[in-house]
Every structure is written in structure tokens, then in C-alpha cells.
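S.K.: The residues making up each chain are set out below.
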Amino acid sequence: NAGVTQTPKFQVLKTGQSMTLQCAQDMNHEYMSWYRQDPGMGLRLIHYSVGAGITDQGEVPNGYNVSRSTTEDFPLRLLSAAPSQTSVYFCASSYSIGASYNEQFFGPGTRLTVL
Amino acid sequence: KQEVTQIPAALSVPEGENLVLNCSFTDSAIYNLQWFRQDPGKGLTSLLLIQSSQREQTSGRLNASLDKSSGRSTLYIAASQPGDSATYLCAVNSNYQLIWGAGTKLIIKP
Chain X
1 NAGVTQTPKF QVLKTGQSMT LQCAQDMNHE YMSWYRQDPG MGLRLIHYSV
51 GAGITDQGEV PNGYNVSRST TEDFPLRLLS AAPSQTSVYF CASSYSIGAS
101 YNEQFFGPGT RLTVL
Chain D
1001 KQEVTQIPAA LSVPEGENLV LNCSFTDSAI YNLQWFRQDP GKGLTSLLLI
1051 QSSQREQTSG RLNASLDKSS GRSTLYIAAS QPGDSATYLC AVNSNYQLIW
1101 GAGTKLIIKP
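Protein chains in written order, with my numbering: chain X, 1 to 115; chain D, 1001 to 1110.
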């Protein structure tokens, strides 16, 4: 199993550009989520999905869109990049979220810089 | 609203010492708590997961405890080594999402 994969690993954008961060998992997990990590802060939830066709907002959803057309893929779209979106982005998956035995698995992260 | 705090923010100890990292949370209604390790510029490595019904979990030199009633978890590292130097993060599974502490940066001096 490849686990959770993310592409690209690094990306530099100019203000106003759009792009999609890719996330895929091969563990047949229902729950997938996107986090951003900024220096000195804990990870913050952007969007999450509890299954194909179902998504919801997390703590910091503004400026980001998601969709979940398949169980495996959960792309994160930046609509119009801003310098405040410079961050490291992590994708995670688990079998579900509302159970005590569920361990979250994380991708390697995408380092995004917006100039 | 669930809040997670990790104290201290940074810790430096000589090699060989035993040490304890702390994680506190405000709402005891959790599914589980997970401890992660993050090396500089790298991703997250899961260390231990403690289910809400458990009191502790062990993996090698690591032991994590959970006291839901007091809203606390500790990560005990025995016989620390320079390779243990990293940032340690705790995350609480609460209300269908993970809530994270800001982490403790651990430096083990040879």
C-alpha cells in the first residue's frame, strides 16, 4: 500500500493564481481531511469528507474548495491564491472519524509559497 | 469548543534522561488521542494512539497515558537519545475532527 500520497511536494504561486493540491489514499478509508500547518501553531482543519460526495467545512475553509467524487481522491483547490495561504498542507485519512480505534494517517505534505 | 495545549513549547535535556511531555484538553468527550512526531521540514509520524477507554499505550521506549477526567495526556520517553530530537504533537479526536496542540520542540543534547 502506498498509504496517503500528496502532490506536488513543493509549489510557488503568484497572488491570484489558482491551483489544485492532490491527495489520494489506497486504504479504502471513508474519512479524509485537509489541514494547514503554520509556524508556532497546531494544525488547523480546512475541509473534511466522510465519504464520496460528502464534504464539510473545518476551522479555516475560506479561500479553499474541495470535492470528493471517489473514495480514493480528495483534491484541495485554491481559488485565488493569497500570501496568507503560504503554509504546509497535509492530507489525512482514516477508516472513519467517530470511533475510538481510528488512527489518522497522513501524507508527506505540500509546501506552498504564495508571492 | 475543544482546545488543546502543550507545555512546554520547547525542552532541552541531556542524552539518557527520562522525560515527560504534556498535553491538556478542555473537553473530556473524546474518541481518542494521538501522539505524533515531526522532524524539521518533514511530515507527521504517528507514535501512539490511545482510545478513550484506555489509560495508557506503550511502544518501545515510549509510553503515553490518558486521564480523560482531568483532560490530560502525557508522553513519557525513557532513556532519551539524540535521535529523539523532534517536535512532538498531540491531537484529540473530538466532535468528528482532530484538534491539535502547537507541539513541544524537544532537543536531546549528546
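Derived from the structure by calculation, the hints contain no laboratory data. Please note: incorrect hints may appear among the correct ones.
As the list claims (entries may be wrong) - No more than 27 Å apart at the CA atoms, straight line, and that leaves these computed lysine-lysine pairs for DSSO-like:
| no. | chain 1 | residue 1 | chain 2 | residue 2 |
| --- | --- | --- | --- | --- |
| 1 | D | Lys-1068 | D | Lys-1109 |
| 2 | D | Lys-1042 | D | Lys-1068 |
| 3 | D | Lys-1042 | X | Lys-14 |
| 4 | X | Lys-9 | D | Lys-1042 |
| 5 | D | Lys-1001 | D | Lys-1109 |
| 6 | D | Lys-1042 | D | Lys-1109 |
| 7 | D | Lys-1105 | D | Lys-1001 |
| 8 | X | Lys-9 | D | Lys-1105 |
S.K.: Work down the list of hints and note, for each, if the structure agrees.
M.R.: Hints, one by one, checked against the model:
The suggested pairing of Lys-1068(D) with Lys-1109(D) is violated, with an alpha-carbon distance near 33 Å, which exceeds 27 Å. About 30 Å separates the Cα atoms of Lys-1042(D) and Lys-1068(D), which puts this hinted pair outside 27 Å; it is violated. With a C-alpha separation of about 24 Å, the suggested pair Lys-1042(D) and Lys-14(X) falls inside the 27 Å cut-off, and the hint holds. With a C-alpha separation of about 11 Å, the suggested pair Lys-9(X) and Lys-1042(D) falls inside the 27 Å cut-off, and the hint holds.
Between Lys-1001(D) and Lys-1109(D) the alpha-carbon distance is near 38 Å, which puts this suggested pair outside the 27 Å criterion. For the hint linking Lys-1042(D) to Lys-1109(D), the alpha-carbon distance of about 21 Å falls within 27 Å, and the restraint holds. Between Lys-1105(D) and Lys-1001(D) the alpha-carbon distance is near 25 Å, which keeps this suggested pair within the 27 Å criterion. Proximity of Lys-9(X) to Lys-1105(D) is assessed by CA-CA distance (about 24 Å); at most 27 Å being required, the pair is judged to hold.
When held up to the earlier numbered hints, the structure conflicts with 1, 2, 5 and fits the remainder.
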